[in-house]
Amino acid sequence: MTAVRLAGMPRRGAGMRPARNVAPYGFVAPTVVLLLVLMVVPIVLVIGYSMLHGAITTTAPTFVGADNYIALFTDPDFWNAALNTLVFTTASVVAHLLIGLGFSMMLNSRLLGAVPIAIFRVIYILPWLFTAAIIAVLWRLLLDPQGIVNYLLQAVHVVGSPIAWFGDPGTALFAVVFMNIWAGYPFFMISLLAGLQGVPTELYEAARVDGASPLQQFVNVTLPHLRPIVISMAMLDVLWTTQQFALIWLTTGGGPISVTEMLSTFTYKLAFTGFDFSSASASAVVVLAFSLIVAVFYVRSQRAER
Amino acid sequence: MADIALTPARARRHPKRKIGMRIALLIGLLVGAVFAGFPIFWMLVSSFKTNTEIFASPPQLITQGFSFDAYLAVLNDPEEIRFFINSYVVALSVTAFTVVFAIMAAYAFSRYEFRLKKVLNVVIIGTQAVPPIALIIPFFGLMVTLGLYNTYGGLIVTYIVFTLPYAIIMMTSYFNSIPRELDEAVKVDGANAWTALWRIIVPVSVPGIVSVAVYTFMISWNEYLFALTLTRTNDLRTVPVGIQLLIGQNSYHWNQMMAISILGSIPVLILFLIFQRYFIGGLTAGSVKN
Numbered sequence: 248m249t250a251v252r253l254a255g256m257p258r259r260g261a262g263m264r265p266a267r268n269v270a271p272y273g274f275v276a277p278t279v280v281l282l283l284v285l286m287v288v289p290i291v292l293v294i295g296y297s298m299l300h301g302a303i304t305t306t307a308p309t310f311v312g313a314d315n316y317i318a319l320f321t322d323p324d325f326w327n328a329a330l331n332t333l334v335f336t337t338a339s340v341v342a343h344l345l346i347g348l349g350f351s352m353m354l355n356s357r358l359l360g361a362v363p364i365a366i367f368r369v370i371y372i373l374p375w376l377f378t379a380a381i382i383a384v385l386w387r388l389l390l391d392p393q394g395i396v397n398y399l400l401q402a403v404h405v406v407g408s409p410i411a412w413f414g415d416p417g418t419a420l421f422a423v424v425f426m427n428i429w430a431g432y433p434f435f436m437i438s439l440l441a442g443l444q445g446v447p448t449e450l451y452e453a454a455r456v457d458g459a460s461p462l463q464q465f466v467n468v469t470l471p472h473l474r475p476i477v478i479s480m481a482m483l484d485v486l487w488t489t490q491q492f493a494l495i496w497l498t499t500g501g502g503p504i505s506v507t508e509m510l511s512t513f514t515y516k517l518a519f520t521g522f523d524f525s526s527a528s529a530s531a532v533v534v535l536a537f538s539l540i541v542a543v544f545y546v547r548s549q550r551a552e553r
Numbered sequence: 002m003a004d005i006a007l008t009p010a011r012a013r014r015h016p017k018r019k020i021g022m023r024i025a026l027l028i029g030l031l032v033g034a035v036f037a038g039f040p041i042f043w044m045l046v047s048s049f050k051t052n053t054e055i056f057a058s059p060p061q062l063i064t065q066g067f068s069f070d071a072y073l074a075v076l077n078d079p080e081e082i083r084f085f086i087n088s089y090v091v092a093l094s095v096t097a098f099t100v101v102f103a104i105m106a107a108y109a110f111s112r113y114e115f116r117l118k119k120v121l122n123v124v125i126i127g128t129q130a131v132p133p134i135a136l137i138i139p140f141f142g143l144m145v146t147l148g149l150y151n152t153y154g155g156l157i158v159t160y161i162v163f164t165l166p167y168a169i170i171m172m173t174s175y176f177n178s179i180p181r182e183l184d185e186a187v188k189v190d191g192a193n194a195w196t197a198l199w200r201i202i203v204p205v206s207v208p209g210i211v212s213v214a215v216y217t218f219m220i221s222w223n224e225y226l227f228a229l230t231l232t233r234t235n236d237l238r239t240v241p242v243g244i245q246l247l248i249g250q251n252s253y254h255w256n257q258m259m260a261i262s263i264l265g266s267i268p269v270l271i272l273f274l275i276f277q278r279y280f281i282g283g284l285t286a287g288s289v290k291n
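Protein chains in written order, with our numbering: chain A, 248 to 553; chain B, 2 to 291.
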């Protein structure tokens, strides 16, 4: 890679001169326009809205400074949503990692033939190929009081009577977490599998020659190799999970009695059922700020690995 | 390679342990397969049931009333067909635009040094972290102002903005793997950069372009939040939103909801199965190896 680049460099410099530096701007023009109008402008707008009273709904909104933020941070519903998001995200990411690691290690095993492993791999990727709206409807069917999950749990006497998993305040958060775990582990699994396949076989052989047990091989050879992947996947997953909207919206809608209210559904309701776009914008900016902080850590960790 | 040669010797040494490990692995894999696959299997089975069989106790695995009625009901409903048409129009348009814009931008990133490059690079990486929920409010306001609320155009342009950054990253890393000598040679012959890109670089980049296209199509086909918020009338709803409307209308037509779920997943499933390798390769190259 470096060799090619070094060899190409002087010539590229020479070739660039006639075109001046106009050409690259032409190539990036559509991207720049789109990102400016529909990414930079909206971010500026939402920050602006968050400091107004009556944004979008009134013709002459008034500037209120940090009032919306103060109201937000003193609103117990906001903190409830923030706490739920924390629980939802932590549980999901940890489970995604553990299941992804377990499945990818099974798929990476050489004890079975290539064909059965390929079949299992396709099955394991399946949940990833269905969109959130469909997954939500499917789990509503599965977890219905009369549905198959309740039937099976009753058959093995885990539960005595049918449970409305999404409707019962005691189980709703667990149910949406479980659904999200099912929906999201394959991305971890695929990335970890790629990582496992990249571990040089010689390292395992060397470890075996040195008398390392399978557990020692895992701790001393496998895990260090997977570390960068685990860190970057975990941060991406935190980003995605904190933003999860469709799964929640289409199963519990944040209820019952707000036990599954997340920052995303909380913000959406403020805006599109309460039509309080200013408060919703303040909440949206908080979500945005959090995401950008995670993103900065993500980029830093990527640089550190290099 | 060396490992395969070693295996027989090791198997001879611990034949019993090897078989035991195989069985344990197989059991583990089967448990995982039930966890991953059973919900999908149940969706498929339920779509072939009559609605009265959906919650039959004990549950019907292979249904007595096996029928395609639910599928026929979906396919004979002009409103539901419209959801599919809308999804195709939007997803295919977005894919076309995103691919072209990504090829152009990636070429600039891969082959030129220019003043905006660093800033733009940061913006492109940064936008990936911007949560859709944070932008839904200004997008709603902007689309109303621009007259794009409740139009195909509004959805298409929105999805382009959200798919373009990652498409550019994928495309740039692909172009970086193509020797510069290739396009330099053409330019020496007097062709300009535009010709070099489309005549020389694009034809040898088909695998990279395919994975960008598949990624873009899947994201657009599956999107829910903006489709829900930026459209109002049912004739502009896409499949993910349409499924939800079905819940509202006929609360308990579960078999039809499962049928439309299957039908709505088929494009993505087919794309994935065909382009599995490109797609996973492209995704992991972008997100892991960097």
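The hints are simulated quantities; they were obtained by calculation from the structure and are not laboratory data. Idealized CB from N, CA, C, for every residue including glycine. Please note: incorrect hints may appear among the correct ones.
Quick partial rundown of chain A residues pointing at chain B, CB under 10 Å, derived from the structure [as the list claims (entries may be wrong)]:
1. Ile-370
2. Gln-393
3. Gly-414
4. Pro-416
Status of the hints after comparison with the structure:
no., hint, result
1, Ile-370, "5 Å, holds"
2, Gln-393, "4 Å, holds"
3, Gly-414, "14 Å, violated"
4, Pro-416, "22 Å, violated"
The structure does not agree with the numbered hints 3, 4 stated previously, though it agrees with the rest.
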